[in-house]
Amino acid sequence: MIVRFAGIVSIATAALLTAWSAGISAGQAPAASGAARMPAALNGKPAASFVGLTPLDYLEIRQLVARYAYAVDTGAENGDVYASLFSPDGAFADRTGRETKGRDALAALARRNTRGQQSAFHFIVNHVIEPSPEGAVGKQYLLQLRIGDGERPNDVFGGGHYDDVYVKTPGGWRFKRRQFIPSEGSPSPRRAAEAR
Amino acid sequence: MAKRKAATIVSLGLIVLAFDGTSAQRQTSPTPLLDVLDYLEIEQLVYRYGYALDTGADNGFAYADLYTADGTFTGTNQGPSGRTYQGRERLAALARGGKRGPNFVSHYVTNVVIEPVPGGAVGRTYVGILDIGNGGNGAKSRVDHGGLYNDVYANTPEGWRFKSRTYFESTSGAPVQPPPAMLGTPQALRAGAASVASARSGSRPRLTAEDYIEIQQLVARYPFALDQNPDEGLSYANLFTPDAVFRQPRTEGRQNLATMASRAPHGPRYTRHFLANHVIEAAADGAVGKQYLVAVDIGERGQPSSIFLGGHYEDVYAKTPEGWRFRTRTFIASATGTEAK
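If you read the sequences in order, they're chains U and D.
Throughout the first sequence, residue numbering follows my numbering, covering 1 to 196 in sequence.
Throughout the second sequence, residue numbering follows my numbering, covering 1 to 341 in sequence.
Hints are computed from structural coordinates only; laboratory data are not their basis.
Here the structure is a predicted model, which means the values were calculated and not measured.
Just so it is clear, CB atoms sit at the ideal spot from N, CA and C, and this is done for glycine as well.
Please note: incorrect hints may appear among the correct ones.
Covered stretches of chain D, as calculated for chain U (at least 3 residues, CB under 8 Å) [as the list claims (entries may be wrong)]: (1) 110-123; (2) 142-148; (3) 297-304.
All chains should be built: construct the whole structure from the sequences, respecting the hints.
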């Protein structure tokens, strides 16, 4: 059974959107454009001058990635929610680069990988987003926490990072390509005074 | 005379009808707009949750004050049918129990999905509840439990607050409780830009949506620069101002920062530093912020993974001609303690 937000809506207060936070307040947006100026290019390259992603683009892409976790963990709506996060020609690539492409194949992938309607396994953090000629690219870390998996003690199952290409479709931002790359290179346990 | 009166009544009736038509239309119109800052402010509320609960600051009232006056927290995992806490005192008491301390970290929140609804917003997040050993000691750390929060947010004169927050413990297989609301196809966010920026401006220092996003991006780049380090620490050092100070160990200036990063384990596919709960606040000459860190040694080829270190960073950010940079960044290991912050 799918419980929709409509049920929750009824208990939301009718707070007006005109009173604002004491903690955070807004400045005037730059007059020319709402686009964010990103930190200077890394790797010693000069700062890219202005490139066209707006704050809203960043938020939408972050929301897309946050939704990914729920879609893959629950396999909601027979995997259709997962498939809907990709553009029609979008693909998920595994660690070897092998791609799963197309709505049906992606939905099937989500059905195979689901851990249950009340499961949380994909903890996604450190989301970097950059504009690109076709739209945007991004990357995040994934921490897989195995919680409530039968009698097994809760633990860290694994982790790594995602490399993404995003495309803006009429329905919003979607994954054009998403690849998971498991972490490699963990040192043998050491207690060195490392950078933290 | 009588005719004129009748005519007046008729026209009044028409006005009423027209008005009703408008309001009905308004009610059935699609989801209301949140503006970009609403999304960012709700995220900030969600990120503050961990600090308030884990520190028990202000005798638990820092936690209670994240809720509306009638706000509720429900733990669906407490007892056979769950338990609900309402009221400032009861919520504060919740934040006084269990392991606490000014520098204790436990609730790592991520995957924040926010949707506008009439009158406010709803959302959900993941929470990993870790038991971090004293001093950040990885060997004594473990994944305690975790799962999902389903939230209803309300905008109050003091800012966005939890109207309700409901916790569902993660479990494989069939749901134990009625499952959290599922997500449908994502819609493009219908957010206004800075339509109400003037309503929020005041004499206090403030940050724009661009500032928040740039600072978030700066912090998100940090783990990649440190763990993958493609260029002998240059990417890492470039995240700091030229005169920046990192602690601990105390490291000053970009050259020393690059050297420090290069001595840390790294590789093109290496991931170790997982950050969560990024709180950002405007300050007189820039911004300050903090995040939770859990450093994890990810097992390879079937080897188990283990927590290496846990704690939080405290940052000062400076806006430079190149963009936002770390002016200072200090790591503070997790520790339990009794004194409230």
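Quiz item: Quick check: the segment 110-123 of chain D, covered by chain U? Criterion 3+ residues, Cβ under 8 Å.
Solution: Answer holds; 12 residues pass the 8 Å Cβ test.
Quiz item: Are three or more residues of the segment 142-148 of chain D within 8 Å, CB to CB, of chain U?
Solution: holds (count 7)
Self-check item: Outcome, coverage of the segment 297-304 of chain D by chain U - at least 3 residues whose beta-carbon is closer than 8 Å to one in that chain
Solution: holds (count 5)
In summary, the structure agrees with every hint in the numbered list given earlier.
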